[in-house]
Every structure is written in C-alpha cells, then in structure tokens.
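Assembling the complex is the task here: the two chains are given apart, and the hints tell you how they should meet.
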Amino acid sequence: MIRTLRLIPTLLRVGFVEAVAYRAEMIIWVLATTMPFVMMVLWTTVSESSPVIGQGGQQWGSASFIAYFLSVFVVRQLVSAWASWEINFEVRGGTLAMRLLRPMHPVLGYAMSNLAYMPQRALVTLPVIGVLLAAYGDFISRDVAMWATWGVAMLGGWLITFFVNVAVGAVSFFIESSLKIMDVYLAAFFVFSGYMFPIDLFPPWLRAVSDWLPFRYQISLPVELMTGKLAVGEAWWLIGKQYLWAGGLAALALTLWRAGVKRFQAFGG
Amino acid sequence: MTRYLRLLLLQLRTSVLLAAQYRFDFFLDAGIGLFWTATAIMPLFVVYGGSNRAGVPGWTFGETLLVVGFFITLQAVLDGAINPGLAAVIDHIRKGTLDFVLLKPADAQFLVSTARFQLWRGAGLIHAAIVFGIAFKEIGRLPSVGGVLTAMLLIVIATALLYSMWILIISLAFIVVKVDNLTYLFTSIFDAARWPSSVFRGPVKLIFTFVVPIAVMTTFPAEALLGRLEWERVAYSIVGAAAFATVARLVWLRSISRYTSAGG
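Respectively, the protein sequence lines represent chains V and G. Okay, so the first sequence: first residue is 1 according to the working numbering, each after it adds one. Okay, so the second sequence: first residue is 270 according to the working numbering, each after it adds one.
Hint data in this document are derived by calculation from the structure and do not stem from the laboratory. Note that this is a predicted model, so its numbers are computed, not measured. For glycine and all other residues, C-beta sits at the position ideal for the given N, C-alpha and C. Possibly wrong hints are sitting among the right ones.
[To be verified] Listed next, the stretches of chain G that the computed footprint assigns to chain V, with coverage defined by at least 3 CB atoms under 8 angstroms from CB atoms of chain V:
id: 1; stretch: 284 to 294
id: 2; stretch: 303 to 312
id: 3; stretch: 346 to 357
Bound conformation, chain G alone (with noise of 0.2 angstroms):
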C-alpha cells in the first residue's frame, strides 16, 4: 500500500515537472479553464432569460447553477485527472508501447491511471466555488451541514463512477485501435450532465440514471445541497458505483489479457 502512495507521490511529481517544462501552455491552459466555466455558464443565461423566466421545470435558476457548479467541479477532475491518462493509454495502445507499462512491476491500470496529472485544472474547482456562492446568494438560504457532507460523499461517488466509465471506453481502445476520438464522445455524453436529470424523460432518463449514470453525478448532490435527496437514493448510488467499478475492473483485466501489442 505505501509502495503505491509513494509511486502516486512520484507520479505527480513528474507531472508537476512537466508542467514547468511547458510554461506558455500552462498560461494558455489557465486562460482556457475561464473559458471553459464561461461556456459552462452561458446555456443558462439563454434557457433562464427572454420570454421564458420559468427554465427547467422544478428548478429555479439559482438551483440549476448548482448543477452547473457540480458540472464544473467534475470537469475539473475530469480535464485534470482523468483524460489527460485517457488520451496516453490510447497513444500507448497505437503504437505498441504499452508493452513498456505491462512490464513494470506494479499494478498496469494504476500505472497508466496515475501517469499524468493536468494540475492547473485545479483552478476549475475555485471557478465552482465562485458559482457555489452565487448560487446560494440567488437562493437566499445555506446548506445544512449534513446536505454538505452527502454532496462531498456523492462527489467521490461520482469520481469513481467517471473513472470506471473512463476504464470502460479504454477497453474500447483495445478492440478498434484508430480511435483518438474517443475523448471526445466520453466528454460529450459527459456534457449532458451540466442539467438537472429531471429534463430528462422515459428511456433517456433510464440510461442517464443506469447505463450512463451522469444523473448521479451533478442532480444528486445539488438536490443534497438543497435537501431534498432521500437517503435510498444516496445508498443506491453508492451500491452502483461499487458495481460500476467492479465491472470496469473486471473488463479492463480482460482487455490485457487480450492484448497482443503493435499490429495484433
């Protein structure tokens, strides 16, 4: 176990040092993370503004920002933790490289998982806790401390449901190698999760809630902020993160198992 936190230790030094290598992208990434929240944001203003004030039924503007602000937060963790690896399993499959990786004498899913770190996508999660404090001034009441221990709990959840998720498309890798696109449908089916669930109806309300799980991800822990989320609700979420994570463990072992290198 500490052999692990210490090679996550060395991992996120390596990125750090990376990061200083490349000092304009790192003023380029910081001026795009704005951006970002910007276009995070904007829908918003279209949906709640001009003739219809009503917006998303059962949510009022200051509500749905805090959708937004999950969103945000999930992004961040996203663009920062989780693609950036993503997008290296994905080089390492093409060329063959991954072989490298396999051989190392630690966990290859940790490895790959842990090789690169975007850390100025931190600066996301401030973005979010500026829209956090405007959502709440537009409320016009806090969260009860509870509410905000379930909305931490249900952030950690939603980690482990967009990594499991992320582990899953890698294992697509495996089976159609020219695929460099695929970043882009993980962040596009992700994008949907910047509204509340209850837009959605019928079968795209089902697949949102159990095949792609993003109603757990940002509705779950507003509607703890706000207080209106039944523990049953929070449990179930928890038992099928714990699901998701198994499945994507499973496949992925699969998935190497399967591995036959460059040109297999």
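Pulled out of the complex, with its shape left as it was, chain V reads as follows (with noise of 0.2 angstroms):
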C-alpha cells in the first residue's frame, strides 16, 4: 500500500511530460468540447424572444444562460477522462502486456496518467472562468464553503467518469471494440448530464429519468454548485448520491477488469 502511495508522485510526474508532449492531441480534444458555446448561442437566441422559465420557477435571462454553460465548459474539461480508448487500444495492440508486467495496478496507471493532464486543461480553461469572473460575477458563488463542497463534487463527477471509461474498456477484453458503447453513452451523456440545457429546464419525466443516471452527478451538479443555485444542504444529499454512483461504477469496472484481464492473450488478435 505505502509503496504504491510512494508511486503516485512519479507516475504524476511521467503523465504531466508525456501530457506536453502530445499537447496538440490535447487542443483537439479540447475544440471537440465546444459543444456548450454552440448551446449557449443557442440558448440566448430562444430567450431573447420569449421568456424561459425553469421547472424551479425562476427565469433564465441570456446572462444567466452564459454563465451556466461557460461553467459547464469549465467542469467537462476537469471532470475528463478517455482511459477507455486507451485500453481499447493497448488491449488490441497487445501493448496491455507491458502495463500488466509493472508492479502495480494497471487501472492507478490509467487513472494517474488520465489525472496528469488535468493541469494543461485547467490551463485552457483559464480564459473561461476569467470571463466568468470579470462579467458574470453575479451568477457565480462566492460562499466559500460552496467552493469547498464544489471541489468534493468535481472529484466525484471525475471518479464516475473515469469508472465508466475503465468499466467500458474493459469490456473490449469480451468483444473486439468497445468503443460504441463508449460513443452511446457519450450520447446519452450529452442529453441527461445538464450538458446541453440545464436540467431545471427538462420537462418533468425528463427530470426524473436523470435523476436515476449517473450523467446529472458528472455535469450538472458541480455546474450548479458553481453557480448558486443549490443550498449546502441539498448539495451535500447529491453529493452522497454522486459518490454512491462512483463506488457502484468502481465496484463494476474492477469485476469486469478482474474478469476480462484473465482473457488477455497479448499477441494483439
């Protein structure tokens, strides 16, 4: 246990190198997130010519809406992983078998090396908050103990995201390529998860099928911290809930881990 801990630093260090080496792969993936700038636009155009009004009863001014989803621009980059189209990828290559020979578990690597890039895409976002801070100051927290349960729930939006990824990854170990299921749960992702409207928006069966996935707890819930619109009280409930999806997707992803590396045959077939 200790000298896995004393592993981190370093296997820290070798993502964040090889993160600026591939820093070019790193800006295409950022341009593939651009999506809550198009709904953004999208978003003041409809509430220029008629007012939107959430399920909670408040309106939502353009201000409001841009606040939002430069927030959810802001949480989508933090909240990233991709570990399932690096196992994709090293299990049919047959490159697995190198990570399968260091003395640790391949998923820490995974996660370490998924968790290195976080300060190069804090980086990108950097412009983003600054202009939240500077012209929509007003939509954004200022409770310092909301920032602090925010920074609890961006961990737990990440651990979810991240056990989908290696959960799904590792059932390429079953199937040739599992990168379909990745691509329909991005899917579903985008529509359940607050990405492209606010929840507070969806009509009300909506709603309550979102409550009941994992994809609100990713996006939704930090993005609502962010921006006041939840009382500590409610958060820290969420917030449990979150954290219950992230230990039931953990749960998953090491069975089905466990199962499908006894599987691996290496030779890249």
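Shown next as structure tokens:
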C-alpha cells in the first residue's frame, strides 16, 4: 500500500511530461468539447424571443445562460477521462502486456495518467474562468463553503467519468472493440448530464429519468454548485448519491477488469 | 471510369462481407442507430417543451423537425460512408501502412475514401424518412415537387461538403500524427447542424456559413422543402461546394507529396 502511494508522484510526473508532449492532441480534444458554446448561443437566442422559465420557477435570461454554459465548459474539461480509448487501443495492439508487467494495478496507472493532464486542461479553462468572474460574477457563487463542496463534487464527477471509462474499456477484453458502447454512453451523457441544457429546463418526466442516471452528477451537480443554485443541505444529499454512483461504478469496473484481464492473450489478436 | 466503378463495387462487397462476419456488431449497431436518432430528437422537446413554446425564433416545432430530419440523414451518410474511412486513414498514417495504399495503381484518395462502409447506417435514412413524415404532419401541408428536387440537390451538395471537410481533416493527421480524436472533432463540429442556422448570429453565423458550412447542409434543404429558399442561395451553395472540393483535393495532393511514411 505504502509502496503504491510512493509511486503516485512519479506516475503523475510521467503523465505530465506525456501531456506536454502530446499537447496538440489535447487541444483537439478541447476543441471537440465546444458544444456548450453552441448551446449557449442557441439558448440566448431562444430566451431573447420569449422568456424561459425553469421547473424551479426562476427565469433564465441570456446572462444566466452564458454563465451556465461557461461553467459547463470548465467542469467538462476538468472531469474528463479517456481511459476507455487507451484500454481499447492497448488491448487490441497487445501493448497492455507492458502495463501488466509493472508492479502495480494497471487501473491506477490509467487514473494517474488521466489526472496528470489536468494542469494543462486547467490552463485551457483559465480564460473562460476569467470571463466568468469578470463579466458574470453575479451569477457565480461567492460562498467559500460552497466552493469547498464544489471541489468534493468535482472529484466525484471525475471518479464517475473515470470508472465508466474503465468499465467500458474492460468490455474490450470480451468483444472486438467497445468504443461503440462509449459512443452510446456519450450520446446519453450529452442529453442527460446538463451538458446541452440545464436540467432545470427538462420536462418533468425527463428530469425524473435523469435523477436515476449517473450523468447529472458528472456535469450538472458541480455546475449548479458553481452558479449558486443549490442550498448546502441539498447539495450534500446529491453528493451522497454521486459517491454512491462512483462507488458502484468502481466496483463494476474492477470486477469487469479482473474477469477480462484473464482472457487477455497479448498477441494483438 | 468503368475501372473506378468496378473498384467501388469491389470495395462495397468487401464491406458487406466484413459486416456479415461480425454479426453481433451488426445488431449492436442497429440498436445504436435507433439510439442516435432518439438523442437527435430529444433536445427539441426541451427547447419546445415547458414554458417556452416559442422555441427557436422564426421556426415552428414541425419546421425545426425538418432540420433535424436532414441532420439525421447526413449523420447516416457521415457515419456510414465517411467516418469509417477517416478512421482507417488515420490508423494507416500512424502505423505507416499508408505506403501500401499509395503503391496501388489507382488514385489514393479514391481508395481510402471507399475503403470502408458501414452499410447498417443506411437505417438512419429510414429513421429520417419517418421524422420527415411526422414533421409534415405537424406543419400540415406537403412540400412542392420543386422543393423536394431542390432539397435532394442540396443533400448532394451537403455530402460533397462533408466529404471535402473530411479530406481537409485527414490532411491534419499528416501533420499531427497521434490524433485518434479527429473523428470526434469532426462530429462535434457537425453537431451544431441539428439547429436551424438562424439561431447563430454575428461571427458564429459567418463561421457556420463560410468556414464550416453547416447552415448549407441542414437548414438550406429544410428551407427548400418549406419553399422559402431563394435560387441565389442554391447557386451560391453549388459554387461554394465546388470551391471546397477543389481546395480539399489540392490540400490532399500536397499532403500526400510530403508524406514521409512511418517515423517521419
């Protein structure tokens, strides 16, 4: 255990160097997540012609939409994980064998290499955060306790994303490629997470569905905290559910991984 | 010419055989296709549901549904005929196996473009037809014959545009090698096409009309069906698509000539 903990700084350093080396790739990933900006333009246009009123009763003006979607962009960058692509690639190419030789759990390796990209991703979000604070500061929470809660929710959101990635990635041990499953997951994620529209605007039935799915705990929960839409008590209740999802997905991912890795034959078949 | 036609048939046949080999994938894909269509329509219910029945200014629910229909059509074309090849080329470039394609005595662009088709994606066209049916029921009148013909012409133009953008993106892969995510970039840009282009204003509108012409791809055909697309805009689209295709071909030729194989 202690030995594993001692490995972590080194793993993070290696991951960071890798992130710097593949910075062009990272920029393309970031460019591929510009959907919040498109949705921002859409919703501001819609709200200009007629007022948009959420289920909670409060009105959404264009400024609150802009604040919301800028926050969505920031959260999306920081709760990202892409282990399922790495796992698929390494299982098919057989290079996973190298990872298995290392004296630590491979999933820890993926976690650290994904986390090591965060400083760079945070750098990309800095201008957006700047705009948020400068022009839409009124819509951003000023409560320190809320920001601490936000940190906990961000970690929970990242854990959900990461373990979904590992679980789907581990499916590639059983079928030729599990990237299609990831595409399905992403499509559902776009609709239910609050990525394309605030959950507050969902019709009641869609909202009820999204409460039972993991997606809203990835994006919407941290964003609602940032924009001060949640009371602290309610927030902790949601974070509890969020960590339940994270724990369940972690158990699923590790079980799938353990069952799958036994089938791995390392000759790139 | 007939030689290329024969080659195309051969490539298609390989794709069919490949699809028949992975039968499990086939059914998985058919299910996923339904799911894609559902997620393409779902956002409309949020935008047009609830308190704001007005939705997108200047577009009724049925009219926006038409745009979504064209979005589903083009998504099927993109995922069925364009993206699979794109993924293959990026793989070729990274592994250096593009050499084998270049050695073959036929145009390399033709070969990589037709290398792989996902034929089950044709099901998306059926979904789109159903969406069009519902849209016209909602609007309450049928399109004119001229409108339908113009819309079909615009679909061809849109396919040409998508394909040209695809070639341009591949050319990027020659420069930055480790880019498995280019397909995601492409689909995420294309995603904005599910909304009527009048939503976009100012610089964003300029980008989506001239740089990444998604307005031409879904909004123009929908407007043609509704009978409110002027002929000048159709003419501009044809000229624009031709220009796009020419640029894409030139960039491709240039990228190929500078390609230095694996490790280059």
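Hint-by-hint comparison with the structure:
{"no.": "1", "hint": "284 to 294", "result": "holds (count 3)"}
{"no.": "2", "hint": "303 to 312", "result": "holds (count 5)"}
{"no.": "3", "hint": "346 to 357", "result": "violated (count 0)"}
Of the numbered hints listed earlier, the single one contradicted by the structure is hint 3.
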